[in-house]
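Undergrad: The lines below spell out each chain.
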Amino acid sequence: MGEVIVVTSGKGGVGKTTTTANIGTGLAKLNKKVVLIDTDIGLRNLDVVMGLENRIVYNLVDVVEGSCKVKQAMIRDKRFDTLFLLPAAQTKDKTSVTPDQMKKLADDLKQEFDYVIMDCPAGIEQGFKNAIAGAERAIVVTTPEVSAVRDADRIIGLLEANEIGKTQLIVNRLRPDMVKRGDMMSAEDVIDILAVDLLGVVPDDENIVIATNNGEPLAGDSSLAGQAYMNICRRILGETVPFLNLEDKKGLFAAIASVFRK
Amino acid sequence: MGVVNLKGTSSGIILELDPKLPFDVLITEIANKFRESRSFLGKASMGIIVRGRTIIDEEENEILGAINENSDINVTCVLREDPETDKIFASYIKEEVPEVVEPAVTQEVQQETSFDEEKLIEDKNSAIIHAGNLRSGQSITYDKSVIIMGDVKPGASVNSKGSIFVLGALRGSAYAGTDGNENAFVMALEFNPLQVRIANSIAISPDSETGPKLKVRRFRKTATVKNTEVAYILNGHIVKDIYGAAFLRDNRFI
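Protein chains in written order, with the numbering used here: chain A, 1 to 262; chain B, 1 to 254.
Hint data in this document are derived by calculation from the structure and do not stem from the laboratory.
Nothing here was measured: the structure is a model prediction, and the numbers come from that model.
We put the CB at the ideal spot given by N, CA and C, even for glycine.
Keep in mind that a hint or two might mislead.
Said to hold, decoys possible - Computed Cβ-Cβ distance ranges for the label pairs, DEER-style: (1) A/D197 / B/I242: 46 to 52 angstroms; (2) B/G180 / A/K104: 31 to 37 angstroms; (3) A/K104 / B/I242: 55 to 61 angstroms; (4) B/L21 / A/G66: 53 to 59 angstroms; (5) A/E65 / B/N68: 57 to 63 angstroms; (6) B/M149 / A/E163: 21 to 27 angstroms; (7) B/N125 / A/D107: 50 to 56 angstroms; (8) B/I242 / A/P242: 55 to 61 angstroms; (9) B/G42 / A/S67: 57 to 63 angstroms; (10) A/S67 / B/N74: 34 to 40 angstroms; (11) A/V241 / B/M149: 53 to 59 angstroms; (12) B/N200 / A/T91: 19 to 25 angstroms; (13) B/N200 / A/D107: 32 to 38 angstroms; (14) B/G180 / A/T91: 30 to 36 angstroms.
To be verified - Once the Cα atoms are required to be at most 30 angstroms apart in a straight line, the calculated DSSO-like pairs of lysine-lysine come out as: (15) A/K78 / B/K240; (16) A/K11 / B/K161; (17) A/K110 / A/K166; (18) B/K33 / A/K69; (19) B/K33 / A/K92; (20) B/K240 / A/K94; (21) A/K69 / B/K161.
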């Protein structure tokens, strides 16, 4: 029996889809059977980030409407045999699916998969309600900015109201140098405000942009963000993993870079 | 209203028959009516629509005979009307033009007259022209072939029972021959689709072409020669070819 996890944020553009793709890839690397569901109907992106856009024949709405079987709509990942994507429809909108239908789908899928991960759309309307319907656990993604933190706070309230058992936080796109200067909130500051458990901190890393454009999530590779995502995956599995020391790595890198600059 | 009424339209005559009377009464009345209007009708060529009762072939011949004897008009075609079509017409009229019932009837009938077999064949070989780009999330579906004067962006899709011609860049999905026609094909000036489906076959773009090449392509844009390409089914597989003389010579598509 698997677990249904929703990745949500409230605010758009904080990295929900990137996080979903990387957690899925990371868990598959740890030999878990994972299905990612893109619930952002009408504005799908997860397929592009995963590099599976060209394989889409059926989508989530087809499955829910009964036009095809779940197995037909699921796309196997390019690199990992245990990772699947259920893409969203692009020509429909959020109202094409109801929370009850999503709950049933999630309940069906978790019989077969270790993890069912829902990529939630931005906002708190129908799409959000659909995404959290079957979820047992939530991962809230935020960036260390007041606007994103405020939206995350609202989302955490809604998740509690909907009785989602476990809510954890990922602070995304942190810049250690700015934190050091006092220009950016640190992960600890964000945790203070939101009062939830921290699942991980992902540094701002240009490799993420490259990986997204390539359609190959970087979880588990040598980049700082790739390691951060891999640690997050281990924590999801229940392991205790110490947080990456972002500053030292950054310091070393900056030192090397400064040598070349001279 | 008499048992038989004649109504003129611009290119034909509507013959209204009383549904209750026996046919031999009607046929004499038809003969009378046409005799009376002989000079009015003149020597024109026109079609005839029979309305009010369902007639069989023999009765149609008798009506034609009566018209031939009693007037100088040349009947080019006879259309029979059944009450079911009438009901459909009536429902349209109620919805759209509640006041002007009579003219609307003739108008609808004329549309029906023009919809004969020749028109059907013509439909099969003709195409819809769609002017403008199709962006992500937009999708069009037609029974005929489709010509798109613009680009099909990623995330957009074109579906047609016939073939698809993109006079622009095809970067999204195209599905030709949706009802299983394996002779359908997909052609684009810039052929770079995510997915092409023809009848029951699917072809996807190679993975290496997505993503990182975007940047490279932009740099080389002036250097690369863009070939107009076409995808069609060959031995059960979708193949891509240059849209040129060799393709056009293969007349199974044309």
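Undergrad: Hint by hint, which ones does the structure fall short of?
TA: 1, 3, 6, 10, 14, 16, 18, 19 and 20
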